[in-house]
Amino acid sequence: NLLEVDPAYFGEIYIMRADGSEQTRLTDVPGYDGGPFFFADGSRIVWRRFSEDGLIADVWSMNLDGSDQRQLTDFGAMSWAPYQHPSGDYIFFASNKLGFENFEVFIVDTEGTKEPVRVTYTDRFDGLPVPSPDGRQLVWTSSRHGGDGGQLYIADWNHEAALAALEASPDRVSSGRGAEPADPRSALESHVTTLASPEFGGRLTGTEGEQRAASYLAEQLVALGAEPLPGEDDLLLDFEFTSGARDTGSTIQVETESGAATFSDQTQIQALGFSDSTEVEGEAVFAGYGIRVPDSQDFGYDSYATLDVTGKIAVVLRYVPEDIEGEARSILNRYSGLRYKALTAREAGAVGLLVLTGPRSPNAGETIPMAFDTAAAGSGVAAVARALFAGTDRDLEEIQKSFDDGNPHTAGFDLPGTRVTLKTAIERERSTARNVVAVLPGSKAASLAKPWVVVGAHYDHLGRGRGGNSLARPDEKDAIHLGADDNASGTAAVLAAARQLREMGHDRNVALAFWSGEELGLLGSADFVGDAVIPTDQIAAYVNLDMVGRVRDNRLTVQAVGSSPDWTGLVEAANVPVGFDLGMQTDPYLPTDTSSFNGAGIPTVNLFSGSHEDYHRPTDTADRINYDDLERVARFAALLTRRAANQADPLEFAKVERTLQQGGSRDTVRAYTGTIPDYASEVEGLLLGGVMEGGPAAEAGLEAGDVVVEFAGQKIANIYDYTYALDAVKIDEPIEVVYERDGERHTTTLTPRARR
Numbered sequence: 006n007l008l009e010v011d012p013a014y015f016g017e018i019y020i021m022r023a024d025g026s027e028q029t030r031l032t033d034v035p036g037y038d039g040g041p042f043f044f045a046d047g048s049r050i051v052w053r054r055f056s057e058d059g060l061i062a063d064v065w066s067m068n069l070d071g072s073d074q075r076q077l078t079d080f081g082a083m084s085w086a087p088y089q090h091p092s093g094d095y096i097f098f099a100s101n102k103l104g105f106e107n108f109e110v111f112i113v114d115t116e117g118t119k120e121p122v123r124v125t126y127t128d129r130f131d132g133l134p135v136p137s138p139d140g141r142q143l144v145w146t147s148s149r150h151g152g153d154g155g156q157l158y159i160a161d162w163n164h165e166a167a168l169a170a171l172e173a174s175p176d177r178v179s180s181g182r183g184a185e186p187a188d189p190r191s192a193l194e195s196h197v198t199t200l201a202s203p204e205f206g207g208r209l210t211g212t213e214g215e216q217r218a219a220s221y222l223a224e225q226l227v228a229l230g231a232e233p234l235p236g237e238d239d240l241l242l243d244f245e246f247t248s249g250a251r252d253t254g255s256t257i258q259v260e261t262e263s264g265a266a267t268f269s270d271q272t273q274i275q276a277l278g279f280s281d282s283t284e285v286e287g288e289a290v291f292a293g294y295g296i297r298v299p300d301s302q303d304f305g306y307d308s309y310a311t312l313d314v315t316g317k318i319a320v321v322l323r324y325v326p327e328d329i330e331g332e333a334r335s336i337l338n339r340y341s342g343l344r345y346k347a348l349t350a351r352e353a354g355a356v357g358l359l360v361l362t363g364p365r366s367p368n369a370g371e372t373i374p375m376a377f378d379t380a381a382a383g384s385g386v387a388a389v390a391r392a393l394f395a396g397t398d399r400d401l402e403e404i405q406k407s408f409d410d411g412n413p414h415t416a417g418f419d420l421p422g423t424r425v426t427l428k429t430a431i432e433r434e435r436s437t438a439r440n441v442v443a444v445l446p447g448s449k450a451a452s453l454a455k456p457w458v459v460v461g462a463h464y465d466h467l468g469r470g471r472g473g474n475s476l477a478r479p480d481e482k483d484a485i486h487l488g489a490d491d492n493a494s495g496t497a498a499v500l501a502a503a504r505q506l507r508e509m510g511h512d513r514n515v516a517l518a519f520w521s522g523e524e525l526g527l528l529g530s531a532d533f534v535g536d537a538v539i540p541t542d543q544i545a546a547y548v549n550l551d552m553v554g555r556v557r558d559n560r561l562t563v564q565a566v567g568s569s570p571d572w573t574g575l576v577e578a579a580n581v582p583v584g585f586d587l588g589m590q591t592d593p594y595l596p597t598d599t600s601s602f603n604g605a606g607i608p609t610v611n612l613f614s615g616s617h618e619d620y621h622r623p624t625d626t627a628d629r630i631n632y633d634d635l636e637r638v639a640r641f642a643a644l645l646t647r648r649a650a651n652q653a654d655p656l657e658f659a660k661v662e663r664t665l666q667q668g669g670s671r672d673t674v675r676a677y678t679g680t681i682p683d684y685a686s687e688v689e690g691l692l693l694g695g696v697m698e699g700g701p702a703a704e705a706g707l708e709a710g711d712v713v714v715e716f717a718g719q720k721i722a723n724i725y726d727y728t729y730a731l732d733a734v735k736i737d738e739p740i741e742v743v744y745e746r747d748g749e750r751h752t753t754t755l756t757p758r759a760r761r
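So the sequence shown is numbered by our numbering: it starts at 6 and just counts up by one.
No lab work stands behind these hints: they were computed from the structure.
Values in this document were obtained by computation on a predicted structure and should not be read as measured data.
Where a beta carbon is used, it is the ideal one built from N, C-alpha and C, also for glycine.
Keeping only pairs whose Cα atoms sit at most 25 Å apart, straight-line, the calculated BS3-like set for lysine-lysine is:
id, residue 1, residue 2
1, Lys428, Lys720
2, Lys720, Lys735
3, Lys455, Lys660
Restraint ranges, calculated between C-beta atoms of paired labels, are given here:
id, residue 1, residue 2, range
4, Val688, Tyr14, 53 to 61 Å
5, Thr437, Tyr14, 41 to 49 Å
6, Gly151, Pro582, 43 to 51 Å
7, Met589, Arg123, 41 to 49 Å
8, Asp483, Lys406, 28 to 36 Å
9, Asn338, Val688, 28 to 36 Å
Please model the entire structure based on the sequences and the hints provided.
Written out as structure tokens, the structure is:
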């Protein structure tokens, strides 16, 4: 009998005259409606409405006759005790959005169009806010003093600052949720549809869309009873990253026999985002397209073969020869990136690089925009994009045309009497991103070794695809990349698994983690592991879900099972009630967040439903998700996580020797070294996050934490230099590697192997 178990469920709001007459019912919705107050001008009523299960409450307003009921908050938490400011501009209320027992005071605009603004910032309870009649003070109840019960607090109130804060707050994005649907499939579809909606802007790391997604996830976690990690006041864990670069006043001075000219207009010149802030000068040498193809490609092309650019400024054309086609164009494309051209010029001895967008090229006459670049280490060369081709009587279009047939024997030439001074001024842009992490406490965690299991997914995506990872087709450029499968599907599945874990119970603590920055190089998970938010020696296992929304033919891939001899048995047992045709892969060295944990010696496993043609395109939309099987994936993830959490002994970690990747043609063989780069590093050189057991790097004595500074005779300033250097080495031919360890420089010999 629901009336006996929860009589508040039937609570409704009535209005009557002061003498008790004309009693009129205003609400008629399942769940408890209560706590009503009139607006300051008496025109409407504000109150709080609970969901049917009593877990969620939101602030609503309505007319005095019960019409025009409007939901003003949508935290997915308990938001209650509303009271309007005398100005009528906004409403005070309390919410436990940030933790089940941590109520804080918020304000929301009277129309509910803006995201609420937080007012109090202390642990424990802050609530029941009421402003003074003149609106200049606020009284509320708080338990911040400690001890039992609460005390009344009073503080001055700045109305103008409150208005400004609300004005600056982003527009409220409704989850469309109300209470979460009871049907797990519907809940999953709701989560994916919300996260992959245009309102979230593609969830690019560090953007407003990412912040909205993070807030949405935090609300969901609080609603299901998850708590902040020990020692944390919030579910939102911020981290900083290098989000780009800004040209703050680069200049090019060109001196010829006829005089000097200085260019500073950014419509004419633009420093590249990977440039150093520096000043260099030297004689100018035109080096064609500035491409050097390694001998290992059996394709002869070297723009510097007949040139001496030592101590000089290399002037090169952007892109590749315009008239070359087929396989030759594909080969040249691989070595035409601006970073590689800068590296090639530096290795040839140049002190600076001047890149021209030629008149026969795409984007003719345009400068190259700053890239969204996450690796902050400089290239070691002052690289600039474009300047006027001054100091010569040659016609640039004719010169470009002479190189555009791809003839490797077309030689560059000195620019006699032309001297160039490049001054680059670069300001690195730092941004803040956020992981969302909560915990479901385990019933026996205090008595178990390694009392934590983490289950997680990255929730970030590509925004509009401007950062270089987009695979959008020409007619899709600059469209929002919604990222439904990558990785709203994994994110939604973790939320669904969390709800099931809460209901089933588990022995170890289960951390529920949603990472940002994965698309930029595993930044969020690397920060979490690197900062030891949970000490890594306390984590028994990590379960990751990345792209799990496109199950086909009942097949689900479980990757990285080789990271522990325990995984196979756990995976098979968890699958019994779910019934997938599992494909298990041992290799734990994956381009997803498992790598951050595996590098720390933590057993990892990744669930993956397979690639598809919508990957990293705007067409990865919510309507293409297989929700029936996504619900099964979530159930499987919950069962697997619970089995890992309930193991009497923590999973045993195993280092895995990486096997050659299968697939691909025989002519795509490349060098394999067995290094695991730290993609979030900002040091000079290549910081190793680890080395693969039994690989060439391990055999050469390299270890996690080493910084590679020279590789096969090439200086290594960052991961890009290293990537390009790999193309120049030959299989089974030893090379020299110079690295730094604990501040000391060492040299070793490494023999690359074949890798497909």
